[in-house]
Amino acid sequence: MMLELKDLTVNYLTDRGRLKALNKVSFSLSEGEALGVVGESGSGKTTLGLSLMRLLPKNAELLEGKAIFNGLDIFGLLEEEFRRKIRWKKISMVFQGAMNSLNPVIKVGHQVAEPLIEHENLPKPEAYRRAEEALEQVGLNRQVFHCYPHELSGGMKQRIVIAMALILSPKIVILDEPTSALDVSIQAQIINLLKKLKWELSLSFIFITHDISLASDISDRIAVVYAGEIVEIGPSEDVLLNPKHPYTKELLESIPRITLDKLPSFIAGSPPDMVDPPKGCKFHPRCPEVMDICYREEPKDFTVSKQRVRCWLYND
Amino acid sequence: MIVGKKLALRGITLLGVLFSVLLLVVVTLGATGLSDNMLKAIVSDQLRELRTSLAQTIRDPLELEKVLEQRRNQLYDFYGLDEPWYNRLPDLIIRVLSLDLGSARNLKSFSGSSKVSDIVLERLPNTILLVTTALIISGLLGLYFGVKLAIKAGTKFDRFFSYLSSISYALPTWWLGIIFILLLAFQLRIFPPTGMYSSPPPSDNLLKFLDLLWHASLPILTLVVASIGGWIYSVRTMVLNVAQEDFVTLGRAKGLKESTIMKRYIIRVAAPPILTGLILGLAGSLGGAILTETVFGWPGMGRLYYDAILALDENVIIALTFLFTLIYIIARFILEALYMVLDPRVRY
Amino acid sequence: MNKISKHILIFSIIFLLTFNSINLAFAQAYEPPHNKKGPAVDKILFKAFAIEIAPTALEKGDIDLYIFSLRTQEAKALIAKPDVKLYQAPAGLISLILNPAPAPEGELNPFSIREVRYAMQFLVNREFIVSQIYRGLALPMYTHVSPLDYDYLIVKDAIRKAGIRYDPEFARKLINDAMVKAGAELKDGKWFYKDKPIVLKFIVRIEDERREVGDLIASELSKMGFQVERIYQLFGPAIFKVYSTDPKVFEWHMYTEGWGRGAVEKYDFASVNQFLAPWLGNMPGWQEFGFWQYENKELDEIGQRIFRGDFKNLEERNELYRKAVELGIQESVRIWIATIMNNFPFKKDIQGVTLDMVAGPKALWTLRTAYLPNKNELNVGNLWVWTERTTWNPIGGFRDVYSVDIWNQIRDPPLWRHPFTGLPIPFRANYKVETKGPDGKLDIPSDAFIWDAKAKRWVSVQGKATSKVIFNYANYMKSKWHHGIPISMADVLYNIYQSFDMVYSEEKSKIEFAIATTSKPYLEAFKGFRILNSTSLEVYIDFWHFLPDYIAEYGSLVSLSMPWEILYAMDDLVFVKRRAAYSDTAAQKFNVPWISLVMDDHARLVLRNLREFSSKQIIPKEVFDINGKSYVNLEEALNRYKASEEWFSSKGNLVISNGPFILNKFDSSAQFAELIAYRDDTYPFTPKDLYFGAAGVPEIIKIDEKPLLIGKENALDITLAGVGALRILYSLYDPVSNELLYAAPAKELTPNKFSLVIPSQVSSKLKEKNYELIINAYSEDVSYVIEKKILLQAKEKIEEPKMTITTPTTEITTPKEEKPKETREEAPREVVQPLGINSLILGIIVAVVIILAAGFFLLRKKAKS
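Residue numbers (the numbering used here), protein chains in the order written: chain W, 1 to 316; chain Z, 1 to 348; chain Y, 1 to 865.
These are computed hints drawn from the structure, not numbers from a lab. Note that the Cβ used here is the ideal one computed from N, Cα and C, for glycine as well. Be aware that one or more of the hints could be misleading.
Computed footprint of chain Z on chain Y; a stretch qualifies when at least three of its residues, placed anywhere within it, have a C-beta under 8 Å from a C-beta of chain Z [said to hold, decoys possible]:
(1) 31 to 45
(2) 239 to 253
(3) 519 to 526
(4) 660 to 670
DSSO-like, lysine-lysine: derived pairs with alpha carbons at most 30 Å apart [claimed, not checked]:
(5) Y:60 - Z:208
(6) Z:257 - W:58
(7) Z:263 - W:85
(8) Y:589 - Z:208
(9) Z:40 - W:58
(10) Y:43 - Z:40
(11) Z:66 - Y:223
(12) Y:688 - Y:769
(13) Z:66 - Y:241
(14) Y:81 - Y:347
(15) Y:81 - Z:40
(16) W:171 - Z:66
(17) W:85 - Z:40
(18) Z:152 - W:58
(19) Z:208 - W:107
(20) Y:348 - Y:688
(21) W:124 - Z:115
(22) Y:665 - Z:208
Chain Y residues, not near chain Z, derived (Cβ > 10 Å throughout) [said to hold, decoys possible]:
(23) 53
(24) 132
(25) 161
(26) 274
(27) 304
(28) 485
(29) 504
(30) 599
(31) 692
(32) 844
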């Protein structure tokens, strides 16, 4: 178990009040494992990623939670220590919207090399050489080193951002919607690249996306997030073929399939307001299998076959 | 080489701007009849005065009229009214483009010369001492505090100083100037109220220079206080805009030091608009600050332009318009080149 | 009580009560600080301050006095200050000019109708304007002649006859009658002509109180049914609209004119033409070629006769003058409003202030005699010390007041104007006049000479001339120029030569065209000169005036303002080397500097000439050789050159003259000048000699008021106090019919006591009721007329005689301007107008409160939990 996240609870302080973004989120991640984190917009998945990187904005409150990485609770470290030892070195991130992730006035190669110079104190020529190698690793020509971001296509920029994330050889890479802004063919290329890197470098991924089918392609395990909670988590196959939580079921129903006759359905209702979420189970207003207890009490985590589900249906 | 060609193209465009501005001024002065009418009014006014003073010594009405007629012709000559505007004004453009600024009709330098170049050379240092100095101080302070406020955006510190900045921005320079004169010059007697030198001015050169600096303090203070708010706030805004971009967060995520982030990611990216403000501001400062110069009795470029317009001194108006526009386009050109260096996005 | 007199009375009293400072001035005698030759103080410093800052500068002691007029607002604020005294001089006149041109077909210009114009006289609320808008710092005017002029005595009856007063109802009647007759209709209280509303364009100047005056008049006119379009303008555009457009084009119907008050003449000949007669170019049309002209043959004829002196005697002249003013009132093309006062703040303790009737304390006199006790320096503030028009050359320069203000203390003119009477008087030269005019002629002696510009030498003259003046320059000759060289006849000769050569030399007249053309008619009158002895010059001129002082003034061609070598060096520079010019037009035409002896570069050019003359031993011999006698030898000349050169090395300027002060420092960029007293024993004047103080305005001490006995000869006794030759004119009116029953000069019993006689032929026509007796008292030696009105009852029988002691009714010294005669609109030098100090402080307090309040509010705001 490389990373064990326990009971992560995060709130945002906003003008309207306290927004409960994450509620007792827990999962574990092994080496070389890809965990897909799937959820709608506003479900809290990006917050999850930022929390692990300790890059939450100033108005975020981390109420509870431990992240044990190789025996060390990385949430307990001082900021400077985290920056020196963990951030980008052990855990790195590929942000949502690679378009804007690159500094427009600096050559991309230099940007890739920056962590080497700053963190590792490598002399520049060495760092640049390593950067060029990284670029090749993600399937780009070495010459791209000297380009500026505006000279590159979306796909190329995405590869660079990935190269940047890998430059210090981290153990875990958090990818937040890495392909959302790309067209489908490029998407496929990037996914293939990620798979290749995972295989070659024994990387662990936390793949955050709203697209469950995409997640299924690369993830070993899938965690479904709704309203700041992991409602179901388990091996991909099981979650996909044997969904337990009503939300997961609805999600899967909503995916258009070529082979089926019937039209995809949609989930009635809308995601809850996290400043004032519903009592009891947060999904109960939209749940087709809702029970009395769902209105009153927050469900606990239950283990069902290979999955862990947070739903009263599986109360035994 | 593309860069070179692009710059050259820009340069030519800017020269076109210069020419158009001069043409515009000439047409405004000439075709609207403004220049001719005003000058004729000045002449007729002088003749009316002359008539009554001549009446003291010339007792023959016919003789009086004859003399006045002669005087009128002279005055028309003097003011250039013997030729229509489209003959005399365009010539001024051509002359000025050959860098001959000509002579003023009434205005003079303190040493007595009528040549516009002499007058400008005399007044330009005054303006630079005042306005440009104030601009540099405001600009640098604005840069420092603006960045500081942007870093601490949202805190009480930021809110308080942003508020003060907007007050400074709103305060009219001339009002501030007068308040300072009343308080610091007359009440507290720390600074002299107006003028460039004391009466009598010290004879020793060093003392005279210090006297000048002492006299310059209040106007510079006024200008700085009045303009610093604007600088701080705009720098703050520009820096904040950049600081909220994703690549800055990513820079932090990459584990870069805060100071590196500040330098390479924020300031470097925000530099072009800030520099634009500074350089154009510097160029503009050479045009003087007419209200401040008036309130403090400081003969500078702003006052010169104003006086020239009031007196309809065509030579000076065209010469100064040419000068100011020239300064502006040079500044613009420098900016264009600078931009190309600073921002690779602009290179194509 | 006749309204006009009442108003003059009231405002005179208001003046008196508000500005007792003036009375104090004339109550004090002058104690000069010393009896040394030269001025009262050892040093004068001239500094420049903006009008807004001047009061504060005065209070803080940066300046001791300010010789540029404060505006009404600042003046009022200073009145209350205990250590400041405000001296006043009548500065300006304001009038309303109406456009009398006929409107084009289908339209009507109300002012083309005489009756409508006349009605305007009754629409202007002069009392309000003077007391409210000008806060008492003005006097109402009904014609161009005011009680501040001698000629007021002649025209007062005409004014009274017209009965001008603020009477809108009367005006309305006049207007209605005239407009209806012209075919206009009054619809809903508005005037229409041929179904179009009548719109009057009113050009209102905004730089001063004329703005409020314009607003007032505009609203009165609106009440009469006219639509008034108020066009607010600054100096330039206003001048253009009014004076540079054809009246027929109707860019304007009315305009608020402002005039600088010129030198008052005891017997005016110019103003009456300037303000009434079309020929002089100051009536609508402006004698501009192509414009519609306002014409009035009678006014032109009368005016020109007065102008040329075409009358036999004083009575004929006065009759002509009265007629002209009457016509002017009838025509009412120009409506007179008020005389505005200039306000000059002085430290109260300053002694030795002379108040000139025109210029107040600003004239030549004051700075020569003024001082602060226990101090020997005086700090004088002016609006500027140097502007671009400040050009120091005595030929074509000194075109702005700032240079003249200083120059007046550096040179002594031969003649000047008396501060109280306004008449020419000897200053540093004495004169004697002999004349055979207006018709006769004197023979010119054979040894008289004149400069022949063609022959380039003095030639003898023959013939006759109307008058001759003998000028005695002893006060000059016995003393020196500032650089130590004695003043001599050579300087006199050079003055004459320079004036003549500039006009009559063909080359020179082409170069300095302006000076030549404007001086030529003046020089034509000069027929010959004679040197009587080492100090006296005899001048023959074809000029006559019934007051010989004016003849002397006309003949005072020689100014003796600078030593001949400086003039010579400048002449050479201007006419031979062509490196400079005397006048601005010539400077611009030939692209050379307009020579100013305070500018370092220019002075050096002159210096270079002097050095050249020195080394090459050049002197203009032909100027000094007359009939074989030479007035300058080489040695003297070389000494002069050397002295001038030395002056420059020590002072840095070439302003060398002969007055009580020398120019020690002049710094144009610092707006600063320093004058140091010239204390040489040969200088003729001590401060006591030049002190005049304030004019003693006549006062009525006692009037023997008693009823008039019908049928008998009545005599009332009046006692006056005042300086000079006191006189009284009195008139008896029937207040109901406004008929003038009798007018005569009072009989002088003693210099102060007079008897007013109403003869029996007049008193027999009286009825038993009240009659008005108007008493005008004046002094021959002060240009001011007092008017007092008393009501007398006519009775059949004798009663106890009543004695009434009346309180002094008047007041002010009303100064006049000195020789530079400015009767034109002044272009204001633009200065930014700040807030008054009180409103400023209030503004600061309000601003600080707002800042603190908002600051608290902002900082309190937090995110809600």
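Violated hints, by number in ascending order, as checked against the structure:
1, 8, 9, 10, 11, 12, 15, 16, 17, 19, 21, 23, 26, 27, 30, 32
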